[in-house]
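Engineer: Work the whole structure out from these sequences, hints included.
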Amino acid sequence: MVAFVARRFLYVVPVLLAVSLLTFLIASLLPGDLAYVILGDQATPEKVAALRHDMGLDQPIWWRYLSWLGHVLQGDLGRSFRTGQTVLQAVSERIPVSLELMLMAEFIGLLIGIPLAIACAARAGGAFDRFMTGGAFAMLSMPSFLLAILLIYLFAVELRWLPATGYVPFTEEPLANLRFFVLPALTLALAEWPGIMRVLRSDMIATLQEDYIALAKAKGLKPSRILFVHALKPSSLTLVTVTGINIGRLLGGTLIVESIFALPGIGRLLVGAIYTRDLVILQGVVLLVACGFVIVNFIVDMLYAVLDPRIRHGHA
Amino acid sequence: MTNIAAAARKRAPIFLVAAFALLPLANPAQAQKPGGSITVGLELDVPGFDPLKVGVYDAAVLTPAAAIFDTLTYLDDKGEAQPKLALSWTHSDDFKTWTFKLRPGVKFHDGTPFNAEAYKANFDRQKDPANKCRCAFYIAAVNNVQAPDELTVVYNLNDPSVNYPTLVSYPNQNAAVHSPTAWKTRGDDYNRNPVGTGPYVLKSWTAGDRMVLEKNPDYWDKDKVYLDRIILKPLPDAQSRFASLQSGEADIVWDDEYDADNIQKAQKDPKLTVHSYTGSGTQPYAFNTKTPPFDDVRVRQALVMAIDRKKMSQAITNGLAKPASNPYGDGSWVKCKDDGALPFDVAKAKALIQAYGKPVEFKTVVTATPRGRIVGQVLQQFWKNVGASMELDQVDQATIPPRAFMRQFQLIPWRIVDLADPDPQMFANFHTGSPVALANYSNPELDKLLEHARVTAEVDKRIEDYCAATRLINKEAIWFWTFQNTYYAISSANLKGLPKMYSGMIDVSRVWKE
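Those protein sequence lines, which keep their order, are chains A and B.
Its first residue numbered 1, the first sequence is counted upward by one per residue in the numbering used here.
Its first residue numbered 1, the second sequence is counted upward by one per residue in the numbering used here.
None of these hints come from the bench; they were simulated from the model.
None of these values were measured; they are calculated from a predicted model.
Treat the hints with care, since some could be wrong.
To be verified - Residues on chain A that point at chain B, a partial pick, calculated with CB under 8 Å:
| # | residue |
| --- | --- |
| 1 | 40 |
| 2 | 43 |
| 3 | 160 |
| 4 | 259 |
Claimed, not checked - As a list, the in silico EDC-like pairs of lysine to aspartate or glutamate whose alpha-carbon atoms are at most 16 Å apart:
| # | chain 1 | residue 1 | chain 2 | residue 2 |
| --- | --- | --- | --- | --- |
| 5 | B | 322 | B | 257 |
| 6 | B | 132 | A | 54 |
| 7 | B | 132 | A | 46 |
| 8 | B | 101 | B | 149 |
Yeah, the Cβ is synthetic: ideal placement off N, Cα and C, and Gly gets one too.
Structural biologist: Shown next, in the form of structure tokens:
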């Protein structure tokens with residue numbers, strides 16, 4: 001097991017290096033020199049040249065990358081030129097919001113997706129199954145910005161059940177905090193559950209055709225016990241992968257959803273950094289998010305090993 | 001049906017003007033109710049308040065700055081400077097020295113006394129070359145500030161300015177007065193912990209989320225401050241910002257004419273009030289008159305005459321944007337009987353292009369945003385109608401100023417912002433030799449008018465100068481103007497007392513709820 005973990009971990013290092021290089025290149029290749037952005041309507045050629053020199057922007061790109069990487073490895077991801085905040089400060093203030101949003105969205109997605117998948121798999125090809133598969137497809141094709149506005153108009157403007165925008169920290173007012181998260185988490189979850197349902201459904205259908213299920217049936221076990229105990233765990237391997245990959249998708253979703261619902265999370269931070277060309281924040285946040293994604297996938301790999309002993313022992 | 005809608009739109013500005021009659025100072029008969037709190041929805045995150053850190057205050061910073069800070073003066077409903085931290089002022093005969101007498105007994109929120117020395121410290125900190133503050137650019141015309149005694153501040157200007165008190169009237173990066181003790185003790189953290197003398201004190205601020213301001217119990221003018229608490233939130237998405245207003249989570253929200261649908265919806269909703277203010281200035285374009293085909297005045301005139309501003313406004317803002325025919329705008333005290341604007345005349349424009357004889361092909365710089373593209377495409381269409389072919393040169397917003405400074409353009413958009421006096425921008429944009437005299441055009445007559453206007457105190461004579469200047473600019477068609485600067489806010493109908501949104505600032509520091 002230790003060897004397995006160490007081996008997997010070795011893969012992570014080059015991935016993270018590649019991510020840092022890509023992040024840096026993308027941020028550097030964006031149109032609009034940082035010196036122009038900072039100087040705004042005072043960007044005379046002399047001032048631009050002086051500022052570029054001060055900031056080291058006149059150095060070759062590989063040198064800038066190495067010096068940035070050097071700072072990053074020492075834990076210094078830089079400071080925003082707009083607010084003077086460091087990347088770590090900005091991220092640590094906002095990460096709880098995005099984590100809460102993603103966890104709630106994933107939870108709601110699983111809450112909708114798993115029971116529906118089991119129900120569909122139990123009578124595969126039945127009327128309910130066909131209806132849900134179609135419904136899932138329709139749901140998948142609904143963009144989240146549209147869904148968000150529809151939910152806001154229904155629940156905030158018309159019914160007035162839930163707030164349209166805003167946030168309070170969980171530590172201050174837990175109930176109000178949850179109320180603020182319902183609509184944004186639902187928006188993300190409504191795009192999540194179809195994927196969850198379809199993956200689990202097809203795996204369950206395959207599992208239900210295995211010999212040991214036939215044996216269980218022959219033994220006279222209750223259908224519910226067969227579904228939930230004997231079939232669910234072996235069918236959940238792909239589900240775990242999908243849930244892990246979904247974290248990445250959800251991170252993407254927060255860009256839109258946090259902006260619409262005015263949640264002060266990582267997504268908003270990124271969008272703001274893009275609009276204001278705050279490249280230091282942009283670069284730093286993308287790197288941290290990518291690291292987070294890589295780590296989640298690393299954990300997912302570990303979970304496989306727990307779920308399936310064959311992987312753990314290297315027989316897969 | 002469309003006629004009725006069009007008529008309603010035409011009449012809308014009258015209602016908006018009526019909304020402004022309810023100003024606290026102009027109408028003391030109104031019952032102003034103290035207490036309560038409001039939530040303000042802004043568009044952008046507030047980056048902070050330290051001029052050394054943020055450089056320039058954008059519209060989102062101005063709203064909290066107006067509550068936390070005071071300035072020497074403020075602009076009344078007529079656009080004239082009135083006493084705030086300064087009680088009175090005098091000037092030298094050449095308008096290069098302005099002396100302000102300060103209000104005694106004022107304290108910053110941290111207890112530091114406000115006096116001439118504190119004021120001078122603010123100025124010196126911004127001006128100090130070692131601090132490399134971007135804010136220094138905007139006080140380049142001020143040579144120094146002196147504090148001869150406790151309550152006297154003297155501005156020594158490099159160039160004459162006949163209206164200087166109006167230029168320190170709103171809390172931008174230069175005019176907001178900060179507590180020197182606070183920035184010295186807070187250091188890097190001062191940016192997010194601002195301390196002023198204003199009617200509200202910053203209580204808490206969650207990054208990217210709410211900023212809570214509470215009434216300053218020791219404020220020198222506290223009888224005219226009504227709300228106990230102001231909450232400011234960035235609501236970046238236009239649709240959900242408007243939804244928050246409809247659902248009552250926000251009491252007033254920032255808006256602009258590109259969100260015309262919601263503004264027009266709000267105009268029909270009795271529960272909402274649309275506040276708008278058309279300021280001075282305009283959204284202009286500059287021709288580079290040193291490059292063909294714009295070295296020929298006929299081409300420039302033809303292109304200007306080809307623009308149907310009403311149709312353009314309809315296309316991009318549902319008709320909300322107000323056409324501009326001069327650089328001053330409705331909000332300016334410069335009113336011209338004749339501004340010499342070229343008429344919209346397709347036939348004449350075609351004739352001028354034909355007279356020029358050569359094909360008219362050129363590039364226009366536009367921002368690579370949906371707005372920039374739409375405006376560019378509409379212009380492209382107008383110019384195609386008269387036989388000129390224009391190509392869009394899409395660039396990032398940030399690269400427009402350097403392109404302008406280096407004159408790397410044929411036609412470029414610029415801006416003339418809402419300022420209480422036309423001199424700073426007119427002189428910079430049109431006087432020979434200025435770095436932003438973008439047209440590369442020199443005319444001794446125009447220079448003389450601008451030089452005369454800046455040292456003349458009589459308003460009538462200045463208006464004559466400025467109107468003569470715009471007639472010349474319009475005739476020579478070195479710049480042209482598309483729309484005026486109109487600023488919008490939408491509030492619930494029970495919010496009262498919002499002053500004119502000078503420079504686009506939504507100042508909620510003296511509003512009340514009915």
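Engineer: For every hint, state whether the structure bears it out.
Structural biologist: Now for the hints, and whether the structure bears them out:
1. 40: holds (6 Å)
2. 43: Given a least distance of 4 Å, the restraint on residue 43/A holds.
3. 160: holds (6 Å)
4. 259: Holds - the Cβ of residue 259/A comes within 8 Å of chain B, reaching about 5 Å at its closest.
5. 322/B <-> 257/B: Since the Cα atoms of residue 322/B and residue 257/B sit roughly 10 Å apart, the hinted pair holds (cutoff 16 Å).
6. 132/B <-> 54/A: Judged against 16 Å, a Cα distance of about 11 Å means the pair holds.
7. 132/B <-> 46/A: With a Cα-Cα distance of about 14 Å, the restraint between residue 132/B and residue 46/A holds, given a limit of 16 Å.
8. 101/B <-> 149/B: holds (10 Å)
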